[in-house]
Amino acid sequence: MKPIVAILIALALPAAASAAGATKASAAREIALAKPKLRVAASMNDQWTPTVAALKQAETAERKGDFATAQAKAMRARKLAELSIAQAMQQKKLWVNEVPR
Amino acid sequence: MAHQILVHAMAAGGSTTVEALVKHPMDSGFVKDKAGKLIPPHYIEVIEFTHNGKVVLTGFWGPAVSKNPFIKFAFKGGKSGDSIGVSWVDNKGETASTTAKIM
Amino acid sequence: MKFAYLALALLVMTPGALASNKPDPASDLKAFQGYFLKRFPKIPLAAYVNGPYDFSKSERAQWKQIMEFPPYQFALDHGRKLFEAKFPNGKSYAACFPHGGIGIAQNYPMFDPKTGRVVTLGIAVNRCRVANGLGKLKLTTGPMADILAYMTDTSRGKTIDVTVPDNPKALAAYQAGKQYFYSRRGQLNFSCASCHVQAAGMHLRGNVLAPALGITASFPLYRSKWGNMGTLVRRFIGCNKKVRSVPDKPDSAAYRDLAYFLTSMSDGLPIAGPGARP
Amino acid sequence: MKHADQSKPRSPRRREVLAGAAAGTAAMLIPPVASAASDAGAAQASIYPARAFAQTSEAAALQAMFGKTPAHSSEVRMSAPDIAENGAVVPVAVDANLPDVTTIAIMAIDNPFTMAAAYKIPAGTSTAISSRIKLAKTTKVVTVVESAGKLYSTSKQVKVTLGGCG
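Residue numbers (full-length UniProt numbering), protein chains in the order written: chain A, 1 to 101; chain B, 1 to 103; chain C, 1 to 278; chain D, 1 to 166.
Same shape as in the complex, but just chain A:
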């Protein structure tokens, strides 16, 4: 994080949020990063329920102005989505190993 942003956070946010280093903008950015990943996972028909739940929590927290939670949950949603995408990619090849012969 750039020093100038950190200073702005320190000035503008309550203690909890500033401790996590999250701002309205950074939370929104994290949510914006997560969303396309979820779309990819869905298009591969391998969305995980905790992914969807995490994004929902992020958006709820954002609406409430809890940007630290929003940012953390959005990051979790993105990571879970990335894992599910990786799973779907692998399974395109690996599924045949489960077929009884």
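To be clear, the hints were calculated from the coordinates, so they are not data collected in a lab. Every value quoted in this text rests on a predicted model; they were computed, and no experiment measured them. Some clues are possibly wrong.
Reference listing, derived: stretches of chain B covered by chain D, where coverage requires no fewer than 3 residues with Cβ under 8 angstroms from a Cβ of chain D [as the list claims (entries may be wrong)]:
1) 34-48
2) 58-64
3) 67-81
4) 85-92
5) 96-103
Cβ coordinates follow ideal geometry from the N, Cα and C atoms, glycine included.
Start from chain A and add chains B, C and D according to the hints.
Here is chains B, C and D on its own, set in the frame of chain A:
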């Protein structure tokens, strides 16, 4: 949906076996619905079976009897064509009854 | 045979695809049923329709007691009434199906060459409703499950016969269903096969995992856990959620194809639905 | 369906409802019923041993139901699974090789309410009764039989596990 009672009654060897399946939620009062609200208790309290008008079994049920209760019992006597009556009353005062013929 | 496949493959498949990649339901069926028969040599093929009950004496005894007066009886009666009721236009379900809809459940899911899609019996019932000016029913439970219970009951004992026609779209649907069945998904990283092939017959906490072979034969069924009736697609949704995967829509291509593949793997087994499960 | 006030499930109104309801109930499913509803009798709520069903311990339930305590007897038989397939539907069959049986009660000791079901057995009715009960968790299930004014019982532990296949 309406109340239903299904009855199979079969006479053999001098006695009659009665099986009944009663449509009823038998809500215990301990289960929550989808919205997280407790479903209030709703269960059959008394069920009575008669053979040609004479009581052959009275059951007292609490909320621990399974949903759509099943009961099987037998009594001496009874012949094909006799009438078996079933009636119940639940904790909300709802009732239902039916009759069936012994097979 | 091989030559025919090769010729067809050259015609319909993307350039570069090998003939050996062409779906082969007949060989799959042999391998699939053979896997279970070899692994559980004491269980005859037709007994697989009893799901978990060949693997636990205690569960079997409880099931037998419950089947004395099966809990789906109300649904069956209700389903019959619904099935026989006239639509506002005077027609009824019978007119939409061969043999008036009686004794036909063993042939579903069915490939519809007109739409190029798989049609489950539930989807066929909804098509019938729409054709007669009625709205669709929910495919998972409620009146639909009751209607399917009745229709399935009229097929009880008939041999499941879901033959995949030699049509590229039918084969593609079959293959998609097969891939879905064996692909791990969800945060728990389970495939359908993880539980119902590899771990079939084993205990998962309180219950025995039903083998995939014959598993479709007892649907729709009354689950004590649900306290009411559910269709095969309801179970798909439940399984998906259980492995923490977002379920598909009940009438999605994914579930149609999955039902198609899974049911075809039970070809030759008798219909045993509606059923009852814990 | 009409409803009595939830908070007062035993309100007097239910008696009125009851009085007029026997013949009026819909859904006579068995074909040869027709208007024979009077043959069916009418279960009376007034005879329900509500106090026995409100108890939360074995001793209290027995006291409320019978006013006495049972002796263990191998002549009382109960068939219940060792492990319940599903706690919501546990088949329990009871029987007793005892004379003049008037009452059979089934209790699930660790359920929220102890008394699960009780049956009045008139002369000529067999003591063998099968039904299905709910068990909230692993518990001792007790069958109590009143024979010639005395109480006899048997019990069995039934394990209830969480279902694995959501």
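- Query: With a cut-off of 8 angstroms between beta carbons, are at least three residues of the segment 85-92 of chain B near chain D?
  - Reply: Holds: 7 residues of the segment 85-92 of chain B have a Cβ under 8 angstroms from chain D.
- Three or more residues of the segment 34-48 of chain B near chain D by CB distance under 8 angstroms? Since 6 is at least three, the answer is holds.
- Task: Apply the coverage criterion to the segment 96-103 of chain B and chain D: a residue qualifies when its Cβ sits closer than 8 angstroms to a Cβ of the chain, and three qualifying residues are needed.
- Result: Our answer is that it holds, as 6 residues pass the Cβ test (under 8 angstroms) against chain D, meeting three.
- Three residues minimum, CB to CB under 8 angstroms: does the segment 67-81 of chain B make the cut for coverage by chain D? Let me know. It holds, with 10 qualifying residues against the three required.
- Outcome, coverage hint (the segment 58-64 of chain B, chain D; C-beta under 8 angstroms; three residues): Coverage by chain D holds here, the residue count being 7 at a Cβ distance below 8 angstroms.
The structure is consistent with each of the numbered hints, conforming to all of them.
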